[in-house]
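K.L.:
This is what each chain is made of:
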Amino acid sequence: MDKRPFRSDVDFVVRIGGEAGEGVISCGELFAQAAARTEYHVFTYITYPAEIRGGFSMVQVRIRDWTIYSMGNEIDYLVAFNQEAYDRAAASLKKGGMLIYDPDAVTVHEAPDSVFHPIPLNRIARETTGGTQAKNVVALRALGHLFDINPETLKKLVRDRFGKKAADVIEKNIKALDAGYAIGQKSGWDRRFHLSSELEAKTRYMMLSGNEAVALGAIAAGCRFVAGYPITPATAVFETLCKLMPRVGGRAVQMEDEIASISAIIGASFGGEKVITATSGPGLQLMGEQLNLAAMTELPIVIVDVQRGGPSTGLPTKTEQSDLNFAVHGLTGDSPRVVLAPATVEDCFYQTMRAFNISERFQVPVIILSDQSIGFRRATVRLPDFDQIREIEWRNITDSPVIPSATKTELASRIEPTSEELGNYLRFRYTPDGVSPITRPGTPGGQYLATGLEHTEKGTPDYSPEVHHKMTTKRFRKLEVLSSLFEKNPPEYYGSRDAKIGVIGWGSTEGAIREARYMAEKEGVLVRHLHPKVISPLPDRQIRYFLAELKHVLIVEENFTGQFAHFISGKFGIRPIEVHKCQGLPITSREVYASIMKVARITDEQNITRL
Amino acid sequence: MSRTLQDYKSSVKPIWCPGCGNYGVFKAIQQAFFDLDLAPENIAMVSGIGCSGRISHFFNAYSLHGTHGRAVPTALGIKAARPDLHVLAVGGDGDGLSIGGGHISHAARKNADFTYILLDNEIYGLTKGQASPTTPLDVRTKTSPYGVYESPMDAIPVFVAYEASFVARTSAIQVPEMTEVIRRAIAHKGFSIVYVLTPCVTYPVLDAKTLKSKISPLPADHPRGDRLKAIERGYSTDPVFTGVFYEIDKPTLGDHLEEQIRGRGGDQVEDELEMIKKLLYGYT
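Chains B and U supply the protein sequences, listed in that same order.
Residues 1 to 611 in my numbering are what the first sequence spells out, letter by letter.
Residues 1001 to 1284 in my numbering are what the second sequence spells out, letter by letter.
In short, the hints are calculated from the structure, not lab data.
Cβ coordinates follow ideal geometry from the N, Cα and C atoms, glycine included.
It cannot be assumed that every hint is accurate.
[Stated by the list, open to error] Quick list of the computed label-pair ranges, beta carbon to beta carbon:
| id | chain 1 | residue 1 | chain 2 | residue 2 | range |
| --- | --- | --- | --- | --- | --- |
| 1 | U | 1250 | B | 288 | 30 to 38 angstroms |
| 2 | B | 466 | U | 1018 | 25 to 33 angstroms |
| 3 | B | 387 | U | 1126 | 51 to 59 angstroms |
| 4 | B | 489 | U | 1250 | 35 to 43 angstroms |
| 5 | U | 1150 | B | 330 | 28 to 36 angstroms |
| 6 | B | 465 | U | 1154 | 42 to 50 angstroms |
| 7 | U | 1204 | B | 468 | 29 to 37 angstroms |
[To be verified] Some residues of chain B that are not near chain U, with every Cβ distance over 12 angstroms (derived):
| id | residue |
| --- | --- |
| 8 | 54 |
| 9 | 118 |
| 10 | 163 |
| 11 | 168 |
| 12 | 266 |
| 13 | 297 |
| 14 | 440 |
| 15 | 441 |
| 16 | 443 |
| 17 | 453 |
| 18 | 602 |
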């Protein structure tokens, strides 16, 4: 292995596919982790079936010299453990790409412009370790050789991963590594990319999944209580928090269902803590009634919904953006809440902090709409600069905490009553911004009743017409104020102002749309791209301004009915071109690009800038 | 500073029917608070939906009147996050045995350190007289016009089987005994259940006179650590025993969570930010 200088023309995709249970995911993840220890950026996409064994699993790893926005379109290196992995991806193999496959398991049709490299993974694993289980490690080491990865890095990663298993398992894996190395040496591969660097080469970056980023964002925001119930694909948020909470003096409790989970966080929030729970579509629905309790009692809670294919049990391990309707509108009664949608893994970290700021400052439930593709995606993320995170005492808070970002983050806390206000404490006092000071239990004189019944400023139940109208107004006043604060934020649109074609997306599709825009711009088609992180309440004026300049608007989303498109067209009276993908898979930049170009063709010639 | 019973009352006047057993429960809980000298600001009271659910309105405490059936997990959340508070949950037979029945076993498994007071009047009162899980067989209500055919629930043996660490039954017609039981339940370390038979005057499925004739205190030598004996006496309908059926000592949810925090491998959390930094660097 030589230490090679950093190259600025690196961008390639490796896909590893096979039967679930064959170790495909660990092979891909370990490879990605090893790659992430170099100066290069890494982005993974993982899909697997809902069953523990059987069905198709795959990891796609994209490696690049610069920020990666999407999983990529074509495959440079395909590793096929079984026939299905080959059949599904053969057509996407790039010209000049390489296929590594097990000749005992896969029948291939040689293509003249690709390099085919058979490695009998099963046989080698059986010969060296006595079983086929370690074939993924054989493949990993062969890949390691192909990309000139430091063997010590791989050894360490394998040890870390399987370290808790029995000694003979580790020994088998080390043997498998050696066998993989021997294959690599014999192969005479022409290395195109060198992922060689020192073990600790990169410290400014970390390799995170979207789910882990949410968990870490919560911890960084000061959240010290989590209650949850396992549900794919949100479980990793809860698991990460279970592991980390005690280490920062916090508490994590697994509950008996989602209703109990949200009840427990409402209780803990009533107790004065910053709280979170993580769930997916079916769980979010179960939480509906309690979500309204939090809205009515004005208790801050944060819920992350890692969306999966629906309805019902649907596609538990696949991605979809189809919970928007429920998150934004889906409850009985008029109930204010805020919905955020992070766009990247890194954004998961900052939007989670933002969710806590909004929730704590405005005493509203905040739903973070993530999804399987972003939750399972692993990417190299810049380490946040902790000198830029400051906790702001509520007395000193400006009306608008900054949007958390790598450059600056403020952490908001709850507004408490002054000692004078405690004299005749009105928990739900009518204020100009609708936010009433809240006490922490244990504060003498701060006792109050929080009830799901309509209530007066004091908290006493009251069903009179005046009180219901006044208190509903108060609760929605908070959203009005928030909406006007969001207007003041920098607009979330990109691309030329001369563009006549606009694309609106939300959540995890940001990277694919961004790349599609770059591709279109290369072809001389200018595109404006709006990607609001706040889904509700929307910054109306900003969006009107965006829409006013455009001739055609595409709304791109991963669902069947066009939930965001209907939300936008209902609000702003436009008729967008709706682009839906409902296959349980993330939309690719190629697909978005194709839609843009279709629209470009029907757009007036003068609106297209030819280069 | 000396407190009076009045210190535990809020300005909201109870809205129960005159003669309702819940008045007695309200009084007993206040008395227990007073006897244990609890500061109102350190009490968190959660209640569910139904006549009994209103009880949290009438206390001067940090009160959370939540949704139907969810008082137990809500109270558990408060106690888990704020072990310094005294937490009580109150609900009815519909709340605790029907819609929210599934939560009790888990609060018992975790042995979360709070007191759950279950008020059983054998009817849905607030919705004006429908059958509840404890309405006796053949009783005609608005939703059982031809008589109840479901077996009424025997909750005490179930709670003991759940391994709740304190299980007691009492009745609203014997306020001094009830006060004593509630006091012991609050003082108990772990999940304590006080099952209160409380007559409804408007829908008198369970009337005070019959109740009085049926109940009898547990024998003085009742072995409170004996699970089988507790179950056996819990099943008895003649007489219906009152008192503490079961009482054991085991680590609480709070103990476990505290243990996790203390046992974090020698890391000292002096500077939380430093700790978070460390955690994040673990992902590089």
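K.L.:
If a hint holds in the structure, say so; if it does not, say that too.
P.N.:
Tested hints:
no.	hint	verdict
1	U/1250 to B/288: 30 to 38 angstroms	holds (35 angstroms)
2	B/466 to U/1018: 25 to 33 angstroms	holds (30 angstroms)
3	B/387 to U/1126: 51 to 59 angstroms	holds (56 angstroms)
4	B/489 to U/1250: 35 to 43 angstroms	violated (52 angstroms)
5	U/1150 to B/330: 28 to 36 angstroms	holds (34 angstroms)
6	B/465 to U/1154: 42 to 50 angstroms	holds (46 angstroms)
7	U/1204 to B/468: 29 to 37 angstroms	holds (34 angstroms)
8	54	holds (31 angstroms)
9	118	holds (36 angstroms)
10	163	holds (15 angstroms)
11	168	holds (27 angstroms)
12	266	violated (6 angstroms)
13	297	violated (7 angstroms)
14	440	violated (9 angstroms)
15	441	violated (4 angstroms)
16	443	violated (6 angstroms)
17	453	violated (7 angstroms)
18	602	holds (47 angstroms)
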